[in-house]
Amino acid sequence: MKHFVDPPSGTQLLVFAKGEELMAGLASFARDQALAGAWVDIVGGAAAVTLGFFDPSAREYRWRRFEEPLEITGLHGNLSWVDGRPTWHVHGTFSRSDYSVLGGHVKECLIGLTGEVFLTSRGDRLTRVHDDETGLKLLSRP
Amino acid sequence: MKHFVDPPSGTQLLVFAKGEELMAGLASFARDQALAGAWVDIVGGAAAVTLGFFDPSAREYRWRRFEEPLEITGLHGNLSWVDGRPTWHVHGTFSRSDYSVLGGHVKECLIGLTGEVFLTSRGDRLTRVHDDETGLKLLSRP
Amino acid sequence: MKHFVDPPSGTQLLVFAKGEELMAGLASFARDQALAGAWVDIVGGAAAVTLGFFDPSAREYRWRRFEEPLEITGLHGNLSWVDGRPTWHVHGTFSRSDYSVLGGHVKECLIGLTGEVFLTSRGDRLTRVHDDETGLKLLSRP
Numbered sequence: 014m015k016h017f018v019d020p021p022s023g024t025q026l027l028v029f030a031k032g033e034e035l036m037a038g039l040a041s042f043a044r045d046q047a048l049a050g051a052w053v054d055i056v057g058g059a060a061a062v063t064l065g066f067f068d069p070s071a072r073e074y075r076w077r078r079f080e081e082p083l084e085i086t087g088l089h090g091n092l093s094w095v096d097g098r099p100t101w102h103v104h105g106t107f108s109r110s111d112y113s114v115l116g117g118h119v120k121e122c123l124i125g126l127t128g129e130v131f132l133t134s135r136g137d138r139l140t141r142v143h144d145d146e147t148g149l150k151l152l153s154r155p
Numbered sequence: 014m015k016h017f018v019d020p021p022s023g024t025q026l027l028v029f030a031k032g033e034e035l036m037a038g039l040a041s042f043a044r045d046q047a048l049a050g051a052w053v054d055i056v057g058g059a060a061a062v063t064l065g066f067f068d069p070s071a072r073e074y075r076w077r078r079f080e081e082p083l084e085i086t087g088l089h090g091n092l093s094w095v096d097g098r099p100t101w102h103v104h105g106t107f108s109r110s111d112y113s114v115l116g117g118h119v120k121e122c123l124i125g126l127t128g129e130v131f132l133t134s135r136g137d138r139l140t141r142v143h144d145d146e147t148g149l150k151l152l153s154r155p
Numbered sequence: 014m015k016h017f018v019d020p021p022s023g024t025q026l027l028v029f030a031k032g033e034e035l036m037a038g039l040a041s042f043a044r045d046q047a048l049a050g051a052w053v054d055i056v057g058g059a060a061a062v063t064l065g066f067f068d069p070s071a072r073e074y075r076w077r078r079f080e081e082p083l084e085i086t087g088l089h090g091n092l093s094w095v096d097g098r099p100t101w102h103v104h105g106t107f108s109r110s111d112y113s114v115l116g117g118h119v120k121e122c123l124i125g126l127t128g129e130v131f132l133t134s135r136g137d138r139l140t141r142v143h144d145d146e147t148g149l150k151l152l153s154r155p
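Chains as they are written, first to last, in the working numbering: chain D, 14 to 155; chain S, 14 to 155; chain C, 14 to 155.
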C-alpha cells in the first residue's frame with residue numbers, strides 16, 4: 014500500500030494493491046501513523062468481501078463471504094481506538110458483474126484490482142463503549 | 014445525539030442513538046449550531062426509512078416506507094436554507110438482511126442501532142430556488 | 014454548471030443542470046480551474062448512465078448503458094492527470110423507480126434533474142501508470 018500525504022488539505026490518499034486485505038491494511042496504517050481519528054471514503058475493485066448484517070433481535074452479526082470480482086462502489090467509515098487497538102467501522106456497497114449491488118458492514122475486503130482510499134484525519138481520539146440496549150460498541154469520548 | 018467537534022480539521026462527528034430520527038435531528042442540529050453550509054457522509058443502522066424516487070414525467074416524488082432492520086451503507090448530502098428553514102438534501106443506500114441494497118432520496122430514517130455522521134462545515138449559506146423545468150428546488154446563492 | 018467556492022473550508026460545491034454530462038463536465042472543470050488533485054462525493058438525479066464492470070479474466074471493462082430516470086445515491090472518486098489530460102475515476106450507485114440499486118465504474122452520467130458535487134481539492138498532482146498485472150492504470154506520483 015502506498016500513501017500520498019497532502020499537507021495543504023490535510024488529507025491522505027492511500028492506494029492498496031491487488032492481493033492486499035483492505036481492513037487489515039487500514040488497521041496497520043492507523044497504528045503505524047499513530048492516527049488519532051479519521052474518516053475514509055473508498056473506491057476500487059475487490060476479489061472477495063465478508064459482509065455483516067446486524068440482526069437486532071439476535072443481537073449479533075450474521076456474516077456472509079462473497080468470492081467474486083466486485084467493483085467497490087463506495088465504502089465509508091471511521092477510526093476509533095478500543096482497548097488500545099485501531100478499530101475501523103466501515104459500511105458500503107459493491108457492484109457485481111450484472112451491475113446489481115450488495116452491501117453491509119465490511120469485515121474483510123480482499124483487493125482484486127486496486128483500492129483508492131481518501132482519508133481525512135481528525136485530531137480527536139474516539140473510543141467505543143459497549144451499549145447494553147443494542148449490544149453494540151458505540152462511539153464515545155475516551 | 015452527541016457531537017464531537019474537531020477544531021484542527023473543522024469537521025464534526027455526530028452520533029445518533031437508537032430511536033432518534035436522523036433527518037429531523039440533522040435539521041435541529043443545523044438550527045441549534047447556526048450552521049451556514051455543510052456536507053455529510055453517514056453510516057450506521059436503521060429501523061425504518063422513507064425513500065423517494067422523483068418521477069420526472071409526473072414531476073413529483075413517489076415515496077415508499079420500508080420498516081425493517083437495515084444497514085446504512087452510505088448516505089450523502091448537503092445543507093441549504095429555504096425560507097429560513099434548514100433543508101438537508103440526502104441520498105443514499107441501505108442493505109437488507111440478504112445483503113441486497115435499496116436506495117433513493119432520504120426523507121426519513123429512524124435510527125435502529127446507531128447513526129454516525131461525518132459533517133464538513135462550509136462557510137457559505139446556500140438556498141434552493143424553484144426550477145420550472147424540473148419542478149424541483151435547486152441549489153443557488155441566496 | 015455553477016460552482017460555489019468556499020474559502021474557509023477549501024471545498025467547492027458544483028451544481029450540474031438537467032442535460033449536462035457529469036463526467037465531461039468534471040473534466041472541463043478540472044482543466045479550466047487547473048485543479049491539481051481532488052476527491053468528489055456526488056448526489057442528484059440522472060437520465061442515463063454508462064456503467065463499467067472490469068472483468069479481471071478478460072482484463073477489460075464490460076459496459077452497459079441504462080437509459081431511465083435514476084436517483085444518484087452516491088458517486089465517489091478522484092482526479093489524476095494522464096498524458097496531460099484530467100482523468101476522473103468515479104464509482105457509485107444509482108437507484109431505480111422500484112428503489113433497487115445499480116452500480117459500477119461510471120463512464121458517463123447524463124444529468125436528469127440536478128447533480129450536486131462536493132469537491133475537496135488536494136494540492137498534489139497524481140498520475141496513473143499502466144500496471145501489467147491487472148491491465149489497469151493505477152494511481153501514482155508523476
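None of these hints come from the bench; they were simulated from the model. Some hints here could point you the wrong way.
Claimed, not checked - Cβ pair distances, simulated, as ranges:
{"#": "1", "chain 1": "S", "residue 1": "E121", "chain 2": "D", "residue 2": "D96", "range": "23 to 31 Å"}
{"#": "2", "chain 1": "D", "residue 1": "P69", "chain 2": "S", "residue 2": "R77", "range": "18 to 26 Å"}
{"#": "3", "chain 1": "D", "residue 1": "D145", "chain 2": "C", "residue 2": "D45", "range": "51 to 59 Å"}
{"#": "4", "chain 1": "C", "residue 1": "Y74", "chain 2": "D", "residue 2": "R77", "range": "25 to 33 Å"}
{"#": "5", "chain 1": "C", "residue 1": "R78", "chain 2": "S", "residue 2": "G148", "range": "23 to 31 Å"}
{"#": "6", "chain 1": "D", "residue 1": "W76", "chain 2": "C", "residue 2": "D144", "range": "30 to 38 Å"}
{"#": "7", "chain 1": "S", "residue 1": "F17", "chain 2": "C", "residue 2": "D145", "range": "39 to 47 Å"}
{"#": "8", "chain 1": "D", "residue 1": "A61", "chain 2": "S", "residue 2": "A30", "range": "29 to 37 Å"}
{"#": "9", "chain 1": "S", "residue 1": "P21", "chain 2": "D", "residue 2": "G32", "range": "32 to 40 Å"}
{"#": "10", "chain 1": "C", "residue 1": "A61", "chain 2": "D", "residue 2": "S113", "range": "12 to 20 Å"}
{"#": "11", "chain 1": "S", "residue 1": "E146", "chain 2": "D", "residue 2": "A47", "range": "50 to 58 Å"}
{"#": "12", "chain 1": "C", "residue 1": "P69", "chain 2": "S", "residue 2": "R77", "range": "34 to 42 Å"}
{"#": "13", "chain 1": "S", "residue 1": "G148", "chain 2": "D", "residue 2": "H143", "range": "43 to 51 Å"}
Yeah, the Cβ is synthetic: ideal placement off N, Cα and C, and Gly gets one too.
Going down the list of hints, with the structure as the test:
no.: 1; hint: S:E121 - D:D96: 23 to 31 Å; verdict: violated (36 Å)
no.: 2; hint: D:P69 - S:R77: 18 to 26 Å; verdict: holds (21 Å)
no.: 3; hint: D:D145 - C:D45: 51 to 59 Å; verdict: holds (55 Å)
no.: 4; hint: C:Y74 - D:R77: 25 to 33 Å; verdict: holds (27 Å)
no.: 5; hint: C:R78 - S:G148: 23 to 31 Å; verdict: holds (26 Å)
no.: 6; hint: D:W76 - C:D144: 30 to 38 Å; verdict: holds (31 Å)
no.: 7; hint: S:F17 - C:D145: 39 to 47 Å; verdict: holds (45 Å)
no.: 8; hint: D:A61 - S:A30: 29 to 37 Å; verdict: holds (34 Å)
no.: 9; hint: S:P21 - D:G32: 32 to 40 Å; verdict: holds (35 Å)
no.: 10; hint: C:A61 - D:S113: 12 to 20 Å; verdict: holds (18 Å)
no.: 11; hint: S:E146 - D:A47: 50 to 58 Å; verdict: holds (52 Å)
no.: 12; hint: C:P69 - S:R77: 34 to 42 Å; verdict: holds (36 Å)
no.: 13; hint: S:G148 - D:H143: 43 to 51 Å; verdict: holds (48 Å)
Of the numbered hints listed earlier, the single one contradicted by the structure is hint 1.
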